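Generate the whole structure from the sequences, applying the supplied hints.
As given, the protein sequences belong to chains A and B, one line each in that order.
Just so you know, we're using this note's numbering here: the first sequence kicks off at 1 and counts up by one.
Just so you know, we're using this note's numbering here: the second sequence kicks off at 1001 and counts up by one.
Please keep in mind that the hints were generated in silico from the structure rather than gathered at the bench.
Misleading hints may appear alongside valid ones.
[Stated by the list, open to error] Okay, the calculated bits of chain B under chain A, using three or more residues with CB under 8 Å as the criterion:
no.	segment
1	1076-1087
2	1115-1124
3	1157-1166
4	1215-1228
5	1276-1286
In this text the structure is predicted, and so the values were computed from the model without any measurement.
Note that the Cβ used here is the ideal one computed from N, Cα and C, for glycine as well.
Number of protein chains: 2
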Amino acid sequence: MAVGLRAPARLYPVQGLRLGALRCGIKANRQVKDLALVEIQPGSSVAAVFTRSHFCAAPVILCKQHLALQPSARYLLVNSGNANAATGQQGLDNARSCCAAVAAAGNVKVEDVLPFSTGVIAEQLAVEPIVGAIPDLVDMLDPDGWLSTAEAIMTTDTLPKAISVQLNIDDRPVTITGIAKGSGMIKPDMATMLCFVGTDARIEPQELSEMLDLLVASSFNCITVDGDTSTNDSCVLIATGAADVKVDRNHRVFFDALQELFEKLAQAIIRDAEGATKFVTVSIEGAVSVADARCMGFTIAESPLVKTALFASDPNWGRFIMAIGRSPVESIDIDRIDLYLGAVRLLHNGLPDPDYRETLGQAEMSRDEISISVNLNLGDASARIWTSDLSYEYVKINAEYRS
Amino acid sequence: MAVGLRAPARLYPVQGLRLGALRCGIKANRQVKDLALVEIQPGSSVAAVFTRSHFCAAPVILCKQHLALQPSARYLLVNSGNANAATGQQGLDNARSCCAAVAAAGNVKVEDVLPFSTGVIAEQLAVEPIVGAIPDLVDMLDPDGWLSTAEAIMTTDTLPKAISVQLNIDDRPVTITGIAKGSGMIKPDMATMLCFVGTDARIEPQELSEMLDLLVASSFNCITVDGDTSTNDSCVLIATGAADVKVDRNHRVFFDALQELFEKLAQAIIRDAEGATKFVTVSIEGAVSVADARCMGFTIAESPLVKTALFASDPNWGRFIMAIGRSPVESIDIDRIDLYLGAVRLLHNGLPDPDYRETLGQAEMSRDEISISVNLNLGDASARIWTSDLSYEYVKINAEYRS
Chain A
1 MAVGLRAPAR LYPVQGLRLG ALRCGIKANR QVKDLALVEI QPGSSVAAVF
51 TRSHFCAAPV ILCKQHLALQ PSARYLLVNS GNANAATGQQ GLDNARSCCA
101 AVAAAGNVKV EDVLPFSTGV IAEQLAVEPI VGAIPDLVDM LDPDGWLSTA
151 EAIMTTDTLP KAISVQLNID DRPVTITGIA KGSGMIKPDM ATMLCFVGTD
201 ARIEPQELSE MLDLLVASSF NCITVDGDTS TNDSCVLIAT GAADVKVDRN
251 HRVFFDALQE LFEKLAQAII RDAEGATKFV TVSIEGAVSV ADARCMGFTI
301 AESPLVKTAL FASDPNWGRF IMAIGRSPVE SIDIDRIDLY LGAVRLLHNG
351 LPDPDYRETL GQAEMSRDEI SISVNLNLGD ASARIWTSDL SYEYVKINAE
401 YRS
Chain B
1001 MAVGLRAPAR LYPVQGLRLG ALRCGIKANR QVKDLALVEI QPGSSVAAVF
1051 TRSHFCAAPV ILCKQHLALQ PSARYLLVNS GNANAATGQQ GLDNARSCCA
1101 AVAAAGNVKV EDVLPFSTGV IAEQLAVEPI VGAIPDLVDM LDPDGWLSTA
1151 EAIMTTDTLP KAISVQLNID DRPVTITGIA KGSGMIKPDM ATMLCFVGTD
1201 ARIEPQELSE MLDLLVASSF NCITVDGDTS TNDSCVLIAT GAADVKVDRN
1251 HRVFFDALQE LFEKLAQAII RDAEGATKFV TVSIEGAVSV ADARCMGFTI
1301 AESPLVKTAL FASDPNWGRF IMAIGRSPVE SIDIDRIDLY LGAVRLLHNG
1351 LPDPDYRETL GQAEMSRDEI SISVNLNLGD ASARIWTSDL SYEYVKINAE
1401 YRS
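Following this line, the structure appears as structure tokens:
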């Protein structure tokens, strides 16, 4: 049911990165891959952000420990089908055993390997199938392994999510390729479910880390399916430097391309949101703070009554007013609020627009891609949140998830 | 689909109150009542709390104005089918016209009449059918009009909600009777959708107001269906004094009976929640503050993934862990958390209980009434939140609400 999302177009290899993916047997479905490995050439810069859940998963804890020991990485090991979350010391030991097996096969230190997991929470991870598959995984590493890896990290996703761009900087080709997964339990807080982006540009580690924070703020931190934040959210940005072109956030062509790639990956998660029939952009302008704008945007985007009206294509915009009204923002003056559905003005200075007609609202609500815009007319801060509707299919997918 | 909710048992009249209800034509459905009037004898104490929505409805604004002019009331006028919210000056004028018509018929001042509305947001209220019906309404006022009034204030409710108790205090009979409505757009913040409770005990106005705050804190402020707060939430407590028995919050028999009545009315809203197939109690103990306990309780209770697992009777309690993990509480130590589903321990000190078996969890999740209990083992504060599941029917009801 993905909204305006197609299978990935051509994915360019990134010099300095090789990838492989296979089925090792974590998932019950015998048709799908569930394990992937990314090899990073020595000397690359690696930055990562993670979920802020109190209950962050064992692989997230281990990633942070490994990055604290040395702020780079040589391998990323990713499994789907099991989150390895709420699994205690045994979960940490299991994740470390998997990393150790990769380290032995690749002749690197265990802290050079970063583990990632996604899937069911509170079940122990089966180590043997993963460790047993690592020799085969290493053998199949290939610069063209991006699509296969994007497929291997899927859970309830209906399509793999991957984007690739090539730039010409200083007469040299520079590539950026990224993959992501996620469809439900989506309200990333500093990172999304799983996202891996690589470039062969050279970026200093500290700069890469600060760039990642900026990129995530305007992409994965602006999406919500259900307001539910995962225990395993992780986002990694790798710069191998193999293209021998040095850039930083001030290189507009490069940074704009990278930002667009992050935003499109984040939007791809919403387009493929569980049960989604609509892709919805909620824009808040004229707020006194970004925090206020984001708070109101997420309140509208996560309201079950707004989401069911969107599913029904019903211009019952009293529910938008309800959500604006209940959003716990600091500063609001309802007599100054303008509210739009697409180009149709619903409220002006807090009152129903006398020119509004139900047919106008109906036409906007019937689209696949819908925008809801609020101008608080109080300040200069704004936010833009992407979300999906709440359909029978969302309930069905999540009622039947484990069956 | 109400869970464990039956039609009201016998409702005792409250001396000093008369009620009437009829159909005046606000609702399209010709079979249902949509207007009610409550007459309060002179000298009664009246306390009220209202929604904290920024976009509070015209009748809520007018109620506050009238109560500021004189802290009592002689009439409550209630319509269903139209919320009279986001209707600007015209909405206020319309509500005032209705109050004026009641005031003329009852020979009281306009500020002696409190208006209440519930229904569709952002449509102007039709004044003529209401004003035209007032003579008939006044004629039909009856001490036994409680059930008829409970029916007239329903919207998506499947059953009227009303409770009545009689006490013997100082050898005198004292009656408490209350009615409520609400089924969706339910996360009252200081008050519920609509609730009117009357007693013939005598309670001083200031004491009545403070009692109402206490009562609402442990009842209507502990329920959520969808986290969506209405523009029209109002809760009114009336003490006529006609039984000539004076009480205050320290009268345990009276206050306990009143508190139980408030809690049962709040629970009745959850039992009749839109599409509900489960009645769920989320208990948080051992928190460092009530705010933390309530925050975590509501995060669990409002998580779409928890709610769909409840609907599916699926003991996928990894989602409880996810919700605990994402709840923005101040103080948490996951290594101290105990988690229970009914009597079955899921987590002990943050780790899966080794004695847990899927069959045990399945048995608990298959019940109509489910409890989820978290002990943070950090402090003495607690909270108890009542909620419902998220079913196909919830989506259906709210996708088709206006059609």
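A quick look at each hint next to the structure:
no. : hint      : in the structure
1   : 1076-1087 : holds (count 4)
2   : 1115-1124 : holds (count 4)
3   : 1157-1166 : violated (count 0)
4   : 1215-1228 : holds (count 3)
5   : 1276-1286 : violated (count 0)
The structure does not agree with the numbered hints 3 and 5 stated previously, though it agrees with the rest.
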